[in-house]
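Colleague: Below, each chain spelled out in residue letters.
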Amino acid sequence: MNLTNSLTSFLGSATIEASNVDPTVNLPVAASGVFSFMWLLLALPVLGSALLLLLGKRADKWGPIFAVLMVCGAFVVGLFLYFAMLAESANDRPVNLHMWDWILVGNFEAPIGMQLDQLSMVFVLLITGVGGLIHIYSLGYMKDDPDKRKFFGYLNLFIAAMLLLVTADSYLLLYVGWEGVGLASYLLVGFWQYKPAAAVAAKKAFVMNRVGDVGLSIAIMLMFVTFGSVTFTGVFDAAPGASESTMTWIGFALLLAACGKSAQLPLQAWLLDAMEGPTPVSALIHAATMVTAGVYLIVRSGPIFDAAPAARDAVMVVGAATLIFGAIIGAAKDGIKDVLAGSTMSQVGYMILAAGLGPVGYVFAIFHLLTHGMFKANLFLGAGSIMHSMHDQLNMRRFGALRKVMFFTFLTFSSGWLAIMGVPPFSAFYSKDKIIEASFSVNFWGGLAALVGAGITSFYMTRLWTMTFTGKARWTEDNQHPHESPKVMLFPMAVLGLASLAAGFLLAGAIETWLAPVTGFEEGHLPISSLAMESISLTFVLVGGAIAYLQYRRGVPITPPQHVSALTVAARDELYGDAFNEAVFMRPGQWLTRSLVFVDSKAIDGIVNGTSAAVGGLSGRLRRIQTGFARSYALSMLAGAVLLIVALILVRM
Amino acid sequence: MQSFSWLTSIILVPLVGAVVLMLLPAAKTELAKRLALFFSAVPLLMVIAMALQFDADSTAEFQFVESYSWIPTFGISYQVGVDGISLILIALSVILVPLVILAAWNDADDAIGSVKGYFALFLVLETFMIGVFAATDVFLFYVFFEAMLIPVYFLIGRYGGPGRQYAAVKFLIYSLVGGLLMLVALIGLYVASANELGEGTFDFTTLTNLNMDPGTQKLLFLGFFIAFAIKAPLFPFHTWLPDAASASTPGTAVLLVGVLDKVGTFGMLKLCLPIFPAASAFYAPVIIALSVIGIVYGALLAVGQTDLKRLIAYTSISHFGFIGLGIFAMTTQAQSGSTLYMLTHGFSTGALFLIVGFLMTRRGSSLVKDYGGVYRVAPVLAGLFLIAGLSSLALPGMASFISEFLVLVGSFEKYTVAAVIATTGIVFAALYILLMYQRTMTGPVIDSCKKLPDIRGREAVAVIPMLVLLVAIGFYPKPVLDVINPAVDRVMVQVGATDPPPTVQPASESNAEGSEATGEGGAGQ
Amino acid sequence: MTELLTQGLGEVTRWELPDLQYRYLLPLFVLFGMAVVSVLVEAFVPRAARRTVQLFLVFGTLIAAFILVAGLSGIRSLAGGGSIAVDGPALFLQGTILVLAIMAALLIAERDADPAGDAFAARANALPGSEDEREFTRRGWLTTEVWPLFLFSVTGMLIFVSGTDLLILFVGLEVMSLPLYLMAGIARRRRLLSQEAAMKYFLLGAFSSGFFIYGAAMLYGFAGTVDLGGISDAITNQAGPNGLLLAGVVLLSVGLLFKVAAVPFHQWAPDVYQGSPTPITSFMASCVKVAAFGALLRIMYVALGGLRWDWVPAFWIIAILTMLVGTVLALTQTDIKRMLAYSSIAHAGFLLIAVIATSEAGLAAAMFYLLAYGVSTIGAFGVVTLVRDSTGEATHLSSWAGLGKRSPWVAGTFAVFLLSFAGIPLTGGFIGKFAVFEAGYASGAGWLIVVAVILSATAAFFYGRVIVIMFFTDPQEDGPTVVVPSAFTAIAIASGLAMTVVLGVFPQPFLDLAEKASIFVR
Amino acid sequence: MTTEHYVVLSAILFSIGVFGVLIRRNAIVVFMSVELMLNAANLAFVAFARQHGNLTGQTIAFFVMVVAAAEVVVGLAILVTIYRTRRSASVDEPNLLKY
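If you're matching them up, the sequences are chains L, D, G and S in order. Reminder that position 490 of the first sequence reads as 490 in this note's numbering, one-by-one numbering, no gaps. Reminder that position 319 of the second sequence reads as 319 in this note's numbering, one-by-one numbering, no gaps. Reminder that position 420 of the third sequence reads as 420 in this note's numbering, one-by-one numbering, no gaps. Reminder that position 26 of the fourth sequence reads as 26 in this note's numbering, one-by-one numbering, no gaps.
Bear in mind the hints are in silico, worked out from the structure with no lab data behind them. Every residue, glycine too, gets a C-beta built ideally from N, C-alpha and C. All the pointers check out, no bait thrown in.
Below, computed lysine-lysine pairings styled on DSBU-like, alpha-carbon distance capped at 35 Å:
#, chain 1, residue 1, chain 2, residue 2
1, L, Lys148, D, Lys369
2, D, Lys451, L, Lys148
3, D, Lys218, L, Lys602
4, D, Lys451, D, Lys369
5, L, Lys148, D, Lys450
6, L, Lys404, L, Lys472
7, D, Lys369, L, Lys57
Listed below are several chain S residues computed to face chain G (Cβ distance under 10 Å; list not exhaustive):
#, residue
8, Ser10
9, Glu35
10, Met37
11, Leu38
12, Asn42
13, Leu43
14, Ala44
15, Phe45
16, Asn54
17, Val74
18, Ala77
19, Val80
20, Ile82
21, Pro94
22, Lys98
23, Tyr99
Okay, chain L solo, but in the shape it has when bound (with noise of 0.2 Å):
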């Protein structure tokens, strides 16, 4: 393998012949040479997880560290994969590997096997790498936790997960890996599980997700019902043969998935409360990783969402009416971490929003992923190294001048401020632009919807780091020392600080190429040229930012301003979603419950006790008749002879 020739081409110069490849059939071949050893990606993990969770306290020493170099060795074996991947030709990249038959009933089959191509292969690198980072800054940010080794067992599982989410090659697998990284975010979420809001959190994100689940088990059962087959090559195989009817219910059945992992409209309720989990966990799971995997399901069905154009529009406006949404509610929350996932969840959208687009977008969802899995870590990370040094202290009213005392962690976090505003030359510049402009290409509210986000993106962001770094100091007593976070944390920092600068810069236009045989590609056609759409951008987005500036720049007070536009109140309330939640699914949801226990204990269990009283009853009354008089006894056998003379003439007749 050609080291610098596979570097060269990581950066984006190699020349890949694009056109000579069918997206469609996209045929993986069987895994040999080192793919044959992709099975490493997964075990790797996979046994960290086992033996930190499985030893207990015989692994508190060692487990940690071991954890980190399981996710650092599945990095390592991604990157051989990735040049191996990079040594063949474009159409031999995707390889499967076949493990076990899993299960075989009748005509259904599901193999547990691994498919790379190089849709999986850029998240298997995005998850590990950035994975990792975050697994080496937790070594410093839970350094005192007593529960530190099952931290790192629940990341490693969670690694886990992730990894088969994108590497398996059916649906069914894929499904396992989904609902993987929801027990992952499940435990984490609810990780310090003796906080109330805590494991209220844990607990309402699985089951939001599951709503999704239900997308997603729906979609899979109906592809078994066409096709015949749950594996993707199956599926792709086929889906030129089915009805538009079949493959709208199928798309829908997937972006409802899709809302429910990646946290969109209208299952976007658990994203904030997940926020009560450890940072390291909110920068990598729910902002890095796991909520975009509902990015990679719409990308990876795109043969799906092709022949599909509702599903595909619906997916469109659930990506804008989102990205909007969060956007919003991140312009006025207090909480960094709440601004960060508001934030989260509007780029998400973004990228949703690009994959409601079909080919024009599918490239740019998954570019704006991979950048937005850096610079939000990396912001994450960042509120992390505030929080650690502020006492766990939240409130962004409660920072101010913080530049001084964390200087290094105010550079990462800048880095991570401008990329997401995407300012050039910084990551989001290339990724998010272009998701304005393939927007503007298809559909003209979709791309006003993005460019209005970016300018609301900027407001919020600028708003966090005015308030964070600048201004005045507006600590509280007990918080009179913020210091500068120890090496470990920072390194990461550093890392994904430097590739919020450059990630975009390098892959653009590189990624569009590699991910052509996957996602196929088509150049979008706009009205006006590329440089005035990116002016217009550029424009929205320094204009938020100053607003911003100008605003924060004197500080604010320490408790909110309680007199301020009903919008205001509405998106520090995320925008009534859990109040709508709670008076649509919740209340009527207990109502329902408690009156079918009422309906049970009363009707059901009713009318058999009822009839058992009943009898009982009968029993009682009857028994009077037993007179114990001789002589009532002998009518009774008269009125039975009675009895039966009359039966018998009745007959007779």
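Position chains D, G and S against the provided structure of chain L, taking the given hints into account.
Modeller: Only chains D, G and S this time, still in chain L's reference frame:
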């Protein structure tokens, strides 16, 4: 005929154990417990030995067949044999009983009844459970089916907690109503066979080949079905279960819900469908509707429970809805899924009940409100509870996911709407399990739980094997499915059902080959 | 016998002594003769030796009679000038009655259970609670007068199940019943109840006998003969007026249904079962039931089989009422003997299904059922005699609380009997029920069976309740004790238990026997 | 007089007997009513014997009389005992056993 009477021996060993236990002096409780464990371990080893000789691809319907004339006057024989489905359920029984005995080690120490009696009843119950699954004579099946009531009646009534008398009587009467209706149908079946063959019989295989007229089938089917629906229990015949499960000891509850209730679904699959194919097809829509109602209804009620044992009982009602749905959807996937479901539900619900039992021995209550923050004081216990719960909510990767998904996908082929509604059950499942976990295990430690000790060795040995099996089968179900599939295929033939083919064929022949190559690519190269 | 007389009168000159076939009648003669001897023993043997002599006499007689009956097996013939049947049903039921009578006799012979002696009054004619009675009791006087009565009654039963004309049946009925009336009234304890039971039993029994004999008269008027076969022929030939036939059928049925305690002719049963000395109750509940059903089956099958479609609907009603009332009323009983009485009424209802079946299978099923029910019944009442407090048997259900903890084996045995009554598999009761239901179903009474099983399930409630009380409830502080009986009761209960289980697990020999014996001679 | 007249008479006697049992309280009278029923049967038997021209009915009448006599013995024994206990011959008096 086998050279060694495997099944009869397996049936008799626990019974012998029960007799030995009863002959012990009442004071020797420790010896009684050990003997009980021994006499329940022996059948487990024997079943393993038997299963190793089981030929999944055999053309014979039953293997290890033994047949002796018993009551020739009514064409009754003592006739036992196993196919894939019954083997799985026998395995479930013999695995659960020793684990339950281990877990229930100290359950009976303060009961009205004697300790040896408690364990002897378990062993008697084991005999009947194995017998009911092994019987290939319908009358013998019925005998075991009804006889099982008695040990359970005593286990609930004599060793249970508050409300045990009410629960025991309710269980008995409910079961007897069903059982006796089944008796009528059994007699009807016998008379029908006598009318057709000249001489009545209860032989299962012969009965499946009868040409009963649909009218008779419909009536007789009801007799069998109601009995099984009560036993299973399907909505709306379920109200005895929460009472019985919450009043009995956890060990009893495990066997009650884990194995005994499976007799109902087993009967639907192995008796109702093959013997009454026309009636099964006729009633299938109604039963599927009831099953789906049961899935949602049981789940919603589980959410609303305040008692852990009742809660788990209601989750079981929901799960039995899935099993019923799968059986009557009449596709290969659904029925295999249902069969596997019977196994996985036995383990996951068994583990849940046992862990609740461990909690009860520590805290003396099964009310949700009496627990809080247990995770802090007993992390391993809480962790096992969570794993069992995750299995109960059919987390992918657990065996219960495979069974539930197979049921859903199999039902989806023929009853799309029902399957979709049933799929919403997975949301409720997440809700009731995690809500229960949240309320009992997480949050700050409440005062009464501050001194709860973590799991003990004996308890861990009782629960962990179930969870290990669930994970192992979850990723490698092939050995189990290979045993189940041929038996299910046979049921499908007997009931005359076929799987609908996929609506869309692959785009081209070459592509089809390509997709196959993907499936087996790794092995191919 | 009547045939004989009529023939003789017709042709006075050619008087021939008919061949009575003594060999076939030997069991009856032995019993009858020994009953008379037993009376003489009462009169002439000294008090001290009486019991020993009586016991030898009674058990010897019963066993001898059983051997003789067994020796006749396989024979199908009429004897005694055509008025006694020696056929399968007769022999099977006679054998059953003798077995049950031996078991009942074991209970009657018990003297260790009650510290005061046996279950019977020292002097039945002494005023309850009077100085006399106390005196007799103090002296420890024990009587043996129950034995001749017992033997006569058994003789009557044997006649009742084998008589083939209405007169013989009537005689059998009375020979069976009259001693029973007396035996009901001679309880040692709770004399008032015992006497009341005797009076009610007697008055109502005599009342029903009146119906029976008047019905016989009507049938005689219709057919010109009281021979069952002759009546059957007359029905086939439409020999007489319908009114007489119907009246005869109804009145005869009243007499018989009274004896089997079918609703609404049942009301004597709870009172009498409760008031009588428990060993006698066990005798009545088992043997009388067997005998009465034997006669009912014979009359309905042989004489009135041709009229089946007329009486079956009426019997459906009676059967349903009997099962229903027996079951429902048993639910709220608080006295164990009374509960068993209602249970026996319900069982009569189940047995009526076999009568309705009017088939060989029905006959065989009924005979098996009677055997299984009989052994369990005697066993159950046997256990009742053991549970005692200072006032005698503790029959109130509440006092049985926690019996399973105090005497697990006795309570367990009782539970087996209850399960047999409830028809749980692996007990004789279950096979009996199965056989009866099968016969009923095959004869087209499917819905009747459905009613029967629903009521069976209901019945399980009160059987189950006794188990609840015995096993699931803590014992009372001053509850009754279970006395250790002599070998007599022990053997009776143990054999009842053994038979109940054997009939449930290995019923085939007995089913074979019943099946082979399931054709009436006519 | 035809057979029917006798039979009707016997039926009337039987009915009187039945109603006697039902309405009279005195045990002795009740008992006599039962005897009346038996004798009504006797009358019917004898009448039918005449009609059918055989002697069966007449013979039976003798048997019934014997049985009736036996019944009297048993019955009076019981009634006397009860009378001694309760100083009353009312059939309604002993009423401990009920329900």
